[in-house]
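Protein chains: 4
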Amino acid sequence: MRQLRMGMVGGGQGAFIGAVHRMAARLDGEIELVAGALSSTPEKARASGQALGLANTRNYGTWQEMLDGELALPPGERIDFVSVVTPNHMHYPVAKAFAEAGIHVISDKPLVHTSEQARDLMETARRSGIVFAVTYNYTGYPMVREARHLVQSGALGEIRKVIVEYNQGWLATRLEEGGNKQADWRTDPTRSGIAGAVGDIGSHAENLAATVTGLELDALCADLTTFVPGRALDDDGNMLLRFTNGARGLLWCSQIEVGAENDLRLRVFGTRGSLSWRQEEPNALEVQTLDGPLQVLRRGNAYLSPAAQAATRLPSGHPEAFIEAFANIYRGAAEAIRARLEHREPDPLIADFPTLEDGARGVHFIEKAVESAHSEQKWTAARWRASVPEVAERGEAEQAPPP
Amino acid sequence: MRQLRMGMVGGGQGAFIGAVHRMAARLDGEIELVAGALSSTPEKARASGQALGLANTRNYGTWQEMLDGELALPPGERIDFVSVVTPNHMHYPVAKAFAEAGIHVISDKPLVHTSEQARDLMETARRSGIVFAVTYNYTGYPMVREARHLVQSGALGEIRKVIVEYNQGWLATRLEEGGNKQADWRTDPTRSGIAGAVGDIGSHAENLAATVTGLELDALCADLTTFVPGRALDDDGNMLLRFTNGARGLLWCSQIEVGAENDLRLRVFGTRGSLSWRQEEPNALEVQTLDGPLQVLRRGNAYLSPAAQAATRLPSGHPEAFIEAFANIYRGAAEAIRARLEHREPDPLIADFPTLEDGARGVHFIEKAVESAHSEQKWTAARWRASVPEVAERGEAEQAPPP
Amino acid sequence: MRQLRMGMVGGGQGAFIGAVHRMAARLDGEIELVAGALSSTPEKARASGQALGLANTRNYGTWQEMLDGELALPPGERIDFVSVVTPNHMHYPVAKAFAEAGIHVISDKPLVHTSEQARDLMETARRSGIVFAVTYNYTGYPMVREARHLVQSGALGEIRKVIVEYNQGWLATRLEEGGNKQADWRTDPTRSGIAGAVGDIGSHAENLAATVTGLELDALCADLTTFVPGRALDDDGNMLLRFTNGARGLLWCSQIEVGAENDLRLRVFGTRGSLSWRQEEPNALEVQTLDGPLQVLRRGNAYLSPAAQAATRLPSGHPEAFIEAFANIYRGAAEAIRARLEHREPDPLIADFPTLEDGARGVHFIEKAVESAHSEQKWTAARWRASVPEVAERGEAEQAPPP
Amino acid sequence: MRQLRMGMVGGGQGAFIGAVHRMAARLDGEIELVAGALSSTPEKARASGQALGLANTRNYGTWQEMLDGELALPPGERIDFVSVVTPNHMHYPVAKAFAEAGIHVISDKPLVHTSEQARDLMETARRSGIVFAVTYNYTGYPMVREARHLVQSGALGEIRKVIVEYNQGWLATRLEEGGNKQADWRTDPTRSGIAGAVGDIGSHAENLAATVTGLELDALCADLTTFVPGRALDDDGNMLLRFTNGARGLLWCSQIEVGAENDLRLRVFGTRGSLSWRQEEPNALEVQTLDGPLQVLRRGNAYLSPAAQAATRLPSGHPEAFIEAFANIYRGAAEAIRARLEHREPDPLIADFPTLEDGARGVHFIEKAVESAHSEQKWTAARWRASVPEVAERGEAEQAPPP
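From first to last, the protein sequence lines are chains C, G, X and U. Reading the first sequence from the start, the letters are residues 1 to 403 in UniProt numbering. Reading the second sequence from the start, the letters are residues 1 to 403 in UniProt numbering. Reading the third sequence from the start, the letters are residues 1 to 403 in UniProt numbering. Reading the fourth sequence from the start, the letters are residues 1 to 403 in UniProt numbering.
Everything labelled a hint here was simulated from the structure, so no lab data went into it. Since the structure is predicted, the reported quantities are computational estimates derived from the model, not experimental observations. C-beta atoms are modelled at their ideal positions from N, C-alpha and C, and glycine is treated no differently.
Label pairs and their calculated CB-CB ranges: (1) C:R2 x U:H149: 40 to 46 Å; (2) X:P93 x G:K44: 47 to 53 Å; (3) X:R340 x C:A302: 50 to 56 Å; (4) X:L290 x U:D120: 40 to 46 Å; (5) C:S40 x U:H149: 34 to 40 Å; (6) G:R344 x X:R340: 43 to 49 Å; (7) C:L349 x U:E32: 24 to 30 Å; (8) G:G292 x X:T190: 44 to 50 Å; (9) G:G178 x U:G230: 51 to 57 Å; (10) X:H89 x G:G178: 55 to 61 Å.
Computed far set for chain G versus chain X, every beta-carbon distance over 10 Å: (11) A47; (12) T62; (13) E176; (14) T226.
Which stretches of chain X does chain G cover? Using the computed rule of at least three CB atoms under 8 Å from a CB of chain G, they are: (15) 1-8; (16) 14-25; (17) 280-289; (18) 307-318.
Whole structure, please, built from the sequences with the hints as guidance.
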């Protein structure tokens, strides 16, 4: 099995998430980094590529040069896919250009700045027939997949309530003034988009809840706040949720909760059972039923679903964590890309990753949260499928009762 | 030191909370139960009293008989205070009558059904000069008092965010149909009042947050739901909160979260630090600052505040729990009553208990939550002090800057 | 039901455990303190009794006066039992004298200083026909009773390994020099006995393991150390254990483990399952089987055994703790005493408390641990039943296969 | 920076730990696998190498062929180091041969079967001047390095007590009969060596305790047991420890503790403070001092030591786990090898890995544990330095008081 060839846009020196993408891509030995345009500053891009050992001919100064350069190579040498790990505002133009050229895409989240851009990318990807993954990396955790399995299997009954929270505290002070690159672009609307915490981490919370429960949002009621003086975007967002099946929810995200590190949690309650998961202790999943004791399911055990087992590399008790979960997204997209190359169906247990639809729904969520924050009405309609005709059709088919 | 003489209304056979009140009253050996009207059914009242060893002459069939009977005794034999542990609808008439007769009152929560009743009780109590405690028992935990101390001391800085949650699951099915006495009255509007979960446990959440933070609610936005078919009152309530100092919050209470037992939790985030507490593991309090590691403060240690130390009976590591916290409310009210009897000031570290104002504010909170649930407007104004002239005045005085 | 009349020896001002015994006795309203000789110093004894509201006529200066005084009362007024809460060296003479007078006894642990004293007490108690309870209070926890039930029911299979640990840190410095009364007598051989940590808390560990597993010790290998300079007794003890069924074990107790509060833990592993319990979070019991996920059983749930349910006062999620567990020992002994008074069999679910045999076995354990510590041989034989002829007989009968 | 070239012996299809070594080597992009003799069966070795994409010319059938083949290559193409991941019995011959050829070695643990072999390897490595790392991978965790730092810095005072435990349950039944490859060789003395659980995981426990505390073992007292019928080696081992500074300890390892996964824990108590760490939740380190609250230090925070910070790749709250810790050993050895290649001193914060001395001391520990298990004497002398003349000299120098 040859390694897939990856090109990367963004992720140069001083960036955080680019290195994570590279470790995730590298972990399973199925992907190699062969090209890059690693910074928006050409000099910095090239210096970054050199440090990573990129060949000079494929260590590009800009993403446009990379696109041209790669297309000029014979297909057997060209990159198989591009990984887009820039600040948010560059996701759209880069992904669009590579998608149009028929190059598969793995993009960081939030996908783009507007639903219009998202719909355009969906249309482009469909025309090109490419694989497009969005790195909502938390869904790569084995126990998140177990949680999704439990909901799908009906073990919890009908879902009544969802509580999803994403607690951070790193922006409790004005870190962006001290030269922190991560804080800098995240608090800048021209690069981050219309939302701060809601876009950066609220969208992860939305995706986690949607992935596990399969529920569609009906309406939301948001209170977004900017606590740190001088900041342009929200650094705290609290929401009430209503789902189309009648379930209720709470979602919040904050970057000013002093002491919170990267505390993403999900609780789901159904008529017959419930589950609870925390990203900071990702190898465990708590499950409760109406009558029995608390069960703590742990990664790597034979009692787990095939989906959870397929997402794990180590025996139980040998903890896996953030990088391994992130690598599952890469491995999933790689399997889908390989299946295209080999004209076969992908293995559904492996090719399990957030798609362009997840990305588009996430953008819609951010827009609706901001809209609600400015509204005096309690509820802001937030159905996404209805806003994307062909998805809506599919969605209805999915939800149709068995004949 | 003689034991205070307690009379009890409610809490007969089949009741839950009455027995807890009696254990709490008894724990420190400072209070003895000498009279009771323990059920609304005279036969059952008497049988209950007999089982508890009440003297026949003070084992009353009704609370009115008890009031008359006690007043007929010489002051030196008469009950010092009455403990009202009936279902909610009886709190008002009973407390009112005893208060008018000058007998101190300890009442269960929520105080009464309406703010009008609450104001009337406040007026009555003021006229009579009695001590009136409301058993928001969770504020009796030593680590809750430590939490309050940390906020008051400024250790957390200015409070920005409050998350308070009360998760239960025992009403996830229609338990009230199976003859469960607790479920029965709590789901019956004529006895429980206008709210279900919000009244029963949401009011505890409100009180806990208010006690620890000292913040006043400005407005709230509530989504109340009745999930279990056939039930008349909410069994789940989710709210966004705004406080008068600009802080934001989330409060929820649910009785349909399968697997949750009695999971009351509070998180408070300030500009400089944060704290987190869980009722089910009450001996610990987590504290974080901007820069240091997580600290876990534990009950019974010398590094705690005098308020926390005064509320504890055992050395660290010898856990205290629900009954001990409840007993702290009784001990606190008893100290206040004793101070009246002895014409002295009470010891403020001991006489630390929720008052009629807590009770009245709780009723107001329930009313506003229900009002908001029926409103299409996002925010429902919820300031309580403004609605109670003399409290408002006092409140302003309290908040006035030092001269 | 009349309250049982309790007399107390020890537990005056400045003592710790006496107040705990009184709260435990008082909690259920079934016992009243009517007499006391609360200190070895008559003046202090009387002052202590006065503070507790004892009648002058029964507020004795010495335990001998109390014994005489009570025996002089008509049986219907006399104390039903004596509670012995003195430092260790007084347990034997006091318990012996009251037992000989036919007065039931509840004694703190360790029972006495020597196995000879223990055998004498067993003989005395048998002759007098009294109830004799020893307050190994940790066995009063509902989840300890559930643990015992799980072993007895065979849910864990044959027991292979036992790990019991009692971690404390309060004596990590020379606290006894600073006037700490608890530290003072515990580190004094004339009052504490031949062992320090092993006697004070190691004996609790032994009792917990024996109560839950029902296993008998075959041999032990102990390493006892005195870490704090100037101290006469061990403040740390580590042991390997072998049980008569072939199981292996580790037991340790320490009072110099800085930061440890009162951290008693038990783990039991069998061929089919295992359990784990921690005193500092006593409402939970972790259980694992060969193939399934971790289960966390919690106090107050319907899935628990009758023994665990009988030992609980509050619904699940309303935590119970140290005092409630201690009160279960008192309630158990009280039930046994009442049954004697009423000429009936006690309810075995209630009359569940550590007996004189537990106390005697604990003394034997301490002796063997100290013997081993001085031995160069690895194993010191530690069977207790064999050393007590009639217990040995009974033990064999208990262990006999069903016909 | 070019990637170091790694050859691997062992780790073919069906093996567990080989794949972990490869992920660990790959994670940071600094090492590439270029050659292998991946199984003791040549066909299987080649099939395994093919699946991993090894070039045919360097996909060897045996490790001897690999050694010859690599030595025949020009130095600029030859492997820089060999990774030995076979069952235990092959560690010695393979490591010895490559070491003699001047090729650096990373070997799995336990190092070899006998102290004689260990001393021979030490001598060989010294003569060849190679880097030799032993994958006691748990010392690669950032919080283990923080723990070591805390001890070294004196924050805990003089160490008095060490508790190290390694709990597993996977061999509670006779798994080796069902074709489990891992269980098979580990329970076979010809491949595993003289010890079972003690060699496999007890040696990890020894290394963890020694690494963190720096203490040298003086004597031990071991009780080793084989619980599962038909098994030739111990599956459970319990020990008392004495250290040369007077500290005491407990060490146990078990593979029959049903439900335990890979539960390695360390507690260290000094005169001024203590620490506690668990491998299954590796991002946290609990620290206590004489007077303050429990502190929970978490990976990725600025308050940690340089050693802990150098061992981390992700911000706090983004958990790292087993593979990342393992990768730290590879990164450390790689830094040491690179420094040799570049004729410079290695960066001590990076080149932080267990050495041949750790490996040799581990073998000595296993021998002494087994010796003690067969002894009727309580204490078996277990000083290692004294048994290795030149280490002893160095050790004395290290422990010499400052001039």
